[in-house]
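K.L.:
So you can see what is in the structure, the chains are spelled out below.
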Amino acid sequence: MDRRKFLKQSSLGSSLFFVPSFVKAFENVVSSNLGYKRLVIIQLSGGNDGLNTIVPYQNDLYYKERPKLNVAKRDVLKLTDEVGLHPSLAPLNRLYDKGLLTIINNVGYPNPNRSHFRSMDIWQTAVDSNEYSQSGWIGRYLDHYGDAPYSAIQIDESLSLAMKGETKNAIATQDAKSLFNLSRDPYFKNLQNHKNDTHLSEHNLGYLYKAMIEAHSSAKYIFETSKTVSAKKEYPNNKFGKQLKTTAQFINSHLDTKVYYASLNGFDTHSNQLPTQKRLLSQYAEGVETFVQDLKLGGTFDDTLILTFSEFGRRVKQNASSGTDHGTANNLFIIGNQLRKPGLYNKMANLEDLDGNGDLKFEIDFRTIYATVLNKWLDVNDKKILNKSFEKLNFI
Amino acid sequence: MKQKNIKHLYRRVGFGILPTDLDKLSKLKRKEVINSLFVASKKVTPLELDTFEIRSLMGDSYQVAKPNIQKIQKMSRESTLKLNRAWIERLTNPTELVREKMTLFWANHFVCEDNNYVYTENFHNTLRKHALGNFREFVVAISKQAAMTKYLNTKQNRKQKPNENFARELMELFTLGVGNYTEQDIKESAKAFTGYNHTMQGDFVFRKWAHDYGDKTFFGKTGNFDGEDIIDIILEKRRCAEYICEKVYRYFVNDTLNESHVSEMTDVFYKDYNIEKLMRFVCSSNWFYDEENIGTKIKSPIEFLVGIKTLVPIEFNNQKQLMYLQRLMGQVLLDPPNVAGWKGGQNWIDSNTIALRLKLPSLLLNSSYISKSKKGQTDAQLKERKQFFKKNYGKWFNVENDWGYFNKHFKNVAINELDSHVLACNISPNAQEYLNSLEKVSKQEYCIQLMSLPEYQMC
Chain A
1 MDRRKFLKQS
11 SLGSSLFFVP
21 SFVKAFENVV
31 SSNLGYKRLV
41 IIQLSGGNDG
51 LNTIVPYQND
61 LYYKERPKLN
71 VAKRDVLKLT
81 DEVGLHPSLA
91 PLNRLYDKGL
101 LTIINNVGYP
111 NPNRSHFRSM
121 DIWQTAVDSN
131 EYSQSGWIGR
141 YLDHYGDAPY
151 SAIQIDESLS
161 LAMKGETKNA
171 IATQDAKSLF
181 NLSRDPYFKN
191 LQNHKNDTHL
201 SEHNLGYLYK
211 AMIEAHSSAK
221 YIFETSKTVS
231 AKKEYPNNKF
241 GKQLKTTAQF
251 INSHLDTKVY
261 YASLNGFDTH
271 SNQLPTQKRL
281 LSQYAEGVET
291 FVQDLKLGGT
301 FDDTLILTFS
311 EFGRRVKQNA
321 SSGTDHGTAN
331 NLFIIGNQLR
341 KPGLYNKMAN
351 LEDLDGNGDL
361 KFEIDFRTIY
371 ATVLNKWLDV
381 NDKKILNKSF
391 EKLNFI
Chain B
1 MKQKNIKHLY
11 RRVGFGILPT
21 DLDKLSKLKR
31 KEVINSLFVA
41 SKKVTPLELD
51 TFEIRSLMGD
61 SYQVAKPNIQ
71 KIQKMSREST
81 LKLNRAWIER
91 LTNPTELVRE
101 KMTLFWANHF
111 VCEDNNYVYT
121 ENFHNTLRKH
131 ALGNFREFVV
141 AISKQAAMTK
151 YLNTKQNRKQ
161 KPNENFAREL
171 MELFTLGVGN
181 YTEQDIKESA
191 KAFTGYNHTM
201 QGDFVFRKWA
211 HDYGDKTFFG
221 KTGNFDGEDI
231 IDIILEKRRC
241 AEYICEKVYR
251 YFVNDTLNES
261 HVSEMTDVFY
271 KDYNIEKLMR
281 FVCSSNWFYD
291 EENIGTKIKS
301 PIEFLVGIKT
311 LVPIEFNNQK
321 QLMYLQRLMG
331 QVLLDPPNVA
341 GWKGGQNWID
351 SNTIALRLKL
361 PSLLLNSSYI
371 SKSKKGQTDA
381 QLKERKQFFK
391 KNYGKWFNVE
401 NDWGYFNKHF
411 KNVAINELDS
421 HVLACNISPN
431 AQEYLNSLEK
441 VSKQEYCIQL
451 MSLPEYQMC
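Protein sequences, first through last, are from chains A and B. Numbering-wise, the UniProt record's numbering puts 220 at position 220 of the first sequence, and it's gapless, one number per residue. Numbering-wise, the UniProt record's numbering puts 85 at position 85 of the second sequence, and it's gapless, one number per residue.
Same shape as in the complex, but just chain B (with noise of 0.2 Å):
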């Protein structure tokens, strides 16, 4: 497989690669590259802390857990930032790295977030473990969640009291997308899913008494419906279908939708709802590898930390630090503004998030310094600005980083190389022309510049 198109697939289905590992793919033909990524991601494993002594304090009913209520949610603010970060490392070259990358993209389409941390962790993991079976069961499984019954108050949905939240977020967000059903479908849907609560533990349960048995009219269709009846009947419009290809295409090929290619990939994905098969096909595809696809996304703010840590191992040594950054950049994982989720692209970028994100890689590396010697001149600020920096700001900044690690897998890239390992795109032609007039100090230094660019900010 040309080097080229490996690239651009780790960049999508993952968070780059580096020379190393691209030398030894190279050799093997496309197919090949892409059944080795996803037979490395059949594996399941999921990312959990000890949640021991939190679940002895929730028991098993509300009356066990309600003197120990304000422990538990210390606890669980405590856990859930050590999830995020156990995330950020998880995303760090990963062994099962699509499952992965899907994970990331799911949280984002499944949105939820709960204040309680057993139910935080299990839905995440019922992300990683559906992330790339199959649709229905994911959907199935994320209805009876308890983050979720709670996130969109499907715990409250009772037969005498009906709660719609689930029922339209289910097609506005989940399947359909807006303007693909009426009110009556959600009034209609929301009773089939009465009855939907958990255990204090957080399993499943149906509550018989709140479910409402009487008929349902939904998309044409009359009977006695339950949650589990009414997505098998959304899945059977296409439109369900080509609503999570459109998005699966807008993050892992191009922001603009090319209705060709959504509509071949509906054809696959329609067929059975088998998520793996949708994105061996996106990989395969001829159109994937094509210019106008290569290059031409902004990263989301994770994609661009974890980019930048797959090439450079960083290791925050005060949690808040990395928590700080991911919120000034505007994505805390496991934070999400709402259940619409984050909007991407172009969104991620504003005057705030452009400024420090073309400042950090000097920031986290390299003591905030961005070599500018001139063309034969050696660089004479570089040690004393790095030590002022250290001095200074360094306990703001307070990593470790390892360019041991960079200068081994790019020990056999020339300098002048660099630039295609680091960038996913084409350097402009002005910023090539200042480049040109600058001293290469060392591979570090290089890298840097290259990082500091906007387009270092495409993948």
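Excised from the complex, chain A in its bound form (with noise of 0.2 Å):
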């Protein structure tokens, strides 16, 4: 069933549940301004050893800095010359031979924080690292281009400071039944009155009297429209994998939603790095294969582009537990089918050139990244957004 529909037949069908005329209102904004393009962010949480993710199999210096903790040039899937993947990323390798994968390197920004809620709060609220707010990016994209909850769907318990505006939030949820049986008891649809809205204004009371009938409205939605469509791939089983069978059930259901946001923890590697690491990034690899494979088998996979971020990379130096401390800029992957530089974007970080705490330097500010992915993917003046002006990169 198609949203138009829905929403038809919800509001004629008003015994089972009743749309008030400000849930509709947004019907026709829909196809207007929003082309069927989505973007899935996925968050490695922790800080992904970027170095170990993506090695540079030549460089001594490289292996220098981690006797214990480098991967063998013999186990390194080589892409370049110069530059392999972590043994784990063979999927990755798969997708990066088909031309689906894009690798920038060197991402962060200025004036780099090592704390992970510190430097995750940049990430999520993409300000200047001495700024702060209250308001994530996609958070503020539903502000001005949003019109439903479900605009932006977490696959979580609750919502990232990324995914919460100024004045709208995204929704969370991590099937589409848990928030519907939430919102579901009778009680709360006998509380509305289909025949007078009216008193639903601005005021506070009026305000969660909306809350709630969108809250049950975008679920009913959710649930109702993604209950037909089940995944055609097995999912590697665990948790990152759930979360991504989900997203790929939502987005082949077709449900008007622009932006997914899932996540992926684990990645903080003080100690015994080797074994964690290989795990996660195994985990990151497979479920992304399965994912994409599902998508392009919903018809899905050619608007559907997919950002893969972490807080920070680690140090260059290993450390005295076998592990990395952290560091500052990043590999970061996207993944699609309209990619205009498949492959390396840019070169390495210069491993010589380090800061003064021994970290690299980073060369691409990631809020270009996402200044390009809203201006040309989502098709969104990203300044609005990002409430400042940055360089657009030819990515996609």
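If you're looking for bench data, these hints aren't it; they were derived computationally from the structure. Treat the numbers as computed from the prediction; the structure is a model and nothing was measured. Ideal Cβ positions, reconstructed from N, Cα and C, are used throughout, including at glycine. What you were told as hints is all true, and nothing was included just to trick you.
Residues from chain B shown here face chain A by an in silico Cβ test under 10 Å; the list is partial:
(1) Glu169
(2) Arg327
(3) Gly330
(4) Gly341
(5) Asn347
(6) Ile349
(7) Ser362
Hints given; two lone chains; assemble the complex.
P.N.:
Structure, rendered in structure tokens:
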């Protein structure tokens, strides 16, 4: 069932549920200013070690700084004469070979912060590292261009700051059913009198009633739209795999959602990094490859762009506990079928030119990537959302 | 004092009031009620856990602490969870009610968090200690807290390599608000805070070698200023008093500022920055009890949760579930999003949080059941449905609740007067119409129906 049809049916079939006029109001906006392109953001939380992800396997300095923590030359999945992937990333290698992956190296921001919370905060709010914001970049996208709470969905139990705007918020759900179950008690439906929604004004109580109605309408829409579609591929049996499976289910059922947000945790590898990162990277790569295949089968891959980031990379030099400490610039992955520059977008970081802490110096501000995605992919005014003008890159 | 006004007062400077307490207070004059509230809050009762072991692991230097760092961090995480729980317990029926509500307010003003429990607890009790005191002393104390010197990098702020983070947020968030200072003011004042640091145990130390003793020019004044001088110069600006009054007004009175009310408050506060005097003034003002200020604010998640607990005590058998609920509702105590804190107001509400908040009273207190029996009919489903829920979902809501407490305190309240005790605002006509069509099966069931209304989210 498409959205328009759903809204019509639900407002006519009001014995089930009533959609008041203000919810219907955004019906007209939908097709006019939004295309069908959608963005999937994958957050690798904890600070993924970028140097052991995209490996400069010909660089002696790399092996010198990481005597016990390197990826051996023979194990690297070679992409070029100099650069290769961590062996857990074979699925990603296949995407690379098909021209579906762009790797952007050395992404960061000026005056980097090495605290997880703060750096994640900076990535999610997209402000300068000496500013603090109470809204996230996707949230502000919703403020300006979102039509319904489900214009952006986080596949999680609650919302990250990235998904909270000044006036609008995204929706969080781990599966289509949980939110629906929470809001479906007939008691709540009966509180609304469908003859009269004029009292739903802008004051706080009116706002709550609106939110209640929107929540139910969104939960019902997500549940009913997606329930007929199931995964066409077998996903890895882990939490991240489940998130991607749900995301694919939503996308393949053509939910009118522009942004999806998923995350994989545990990259904070201060000690005993090798086995941990190996496990996480393979979860990531296997999950993403399945996801891409599932979208291809659903005919939705062409209109989907997948962006993977982590709040920072890690220090070049290994530490004393077979791990690495918090660093700065990192690599970022763009996956899609409409890439302008598949492969390596730019060179690897220069390991001879580090900052005072022994960390990489960033080359590309992550906000130029956000600006590019907003402007060229989601087709919106990036300046309105990022509150600043950033250069656009040419990876899409 | 009018019952209606007492209820309003207690909802704003506390978390609501029981009918039995209301009866006692309504015999007093407004002045007396307010006075007794503030007299009761004179005392400061810190919230403390046993930190002996963790302090021993930390020792008196980094060299001692270093090998124990993982253990310290683990114990800190556990203790911070305990403090979270203890804080929520404290907020439910505290003796120093206003002080506790103010502590909660300041925790979203002087926003800070730390991964060391000793520093976290110190910071937390600093908020409580100064909550109704002198604002100047408060800011000075905050600037010297170990947790704050870590959180906003004052301890990395050295003459040789200044770090402006604290100086910037001191003005932007703690005292003046954005736009009331220049970048140059930040640079100059950052110099004054150089040398701030703390001992391993968390006491403030001033490292002379790292301090910049040169002249600083700040807000038009030049001198060899230190951190306290900078705070004094900031507080000389009326804007500082006004900024705090605006924040107090939004939190305790109305989301929308009334310029003349704020101006009256600023006159009071600017004189000597006495927080208690300011709060007494607010509570005593006639406009505080204006219709437009009653029941028109959206409760924060903590106000909502503690408000429920104030009427019907709830014991969480599983601390993780209490944390989980806070996370789902978007406010985990001791874990703010960033130094700007929680935005509050309508920002608490999104599709997820509203759905949960409407369902939560029935989930926690009534086996998820909201009675929908039509007028004149008994509720045949009630028992069966509650048993079904307990059996199937009970472990996810592993709580004990004490309806006996509720029944005792609401004994003399007629069932059709219950709404005026449970809700802060009038029931909207549509909801009222629906409620009228339902049978009031019992006080408990009716209370759940009322708590499940959007109206219950208001305070």
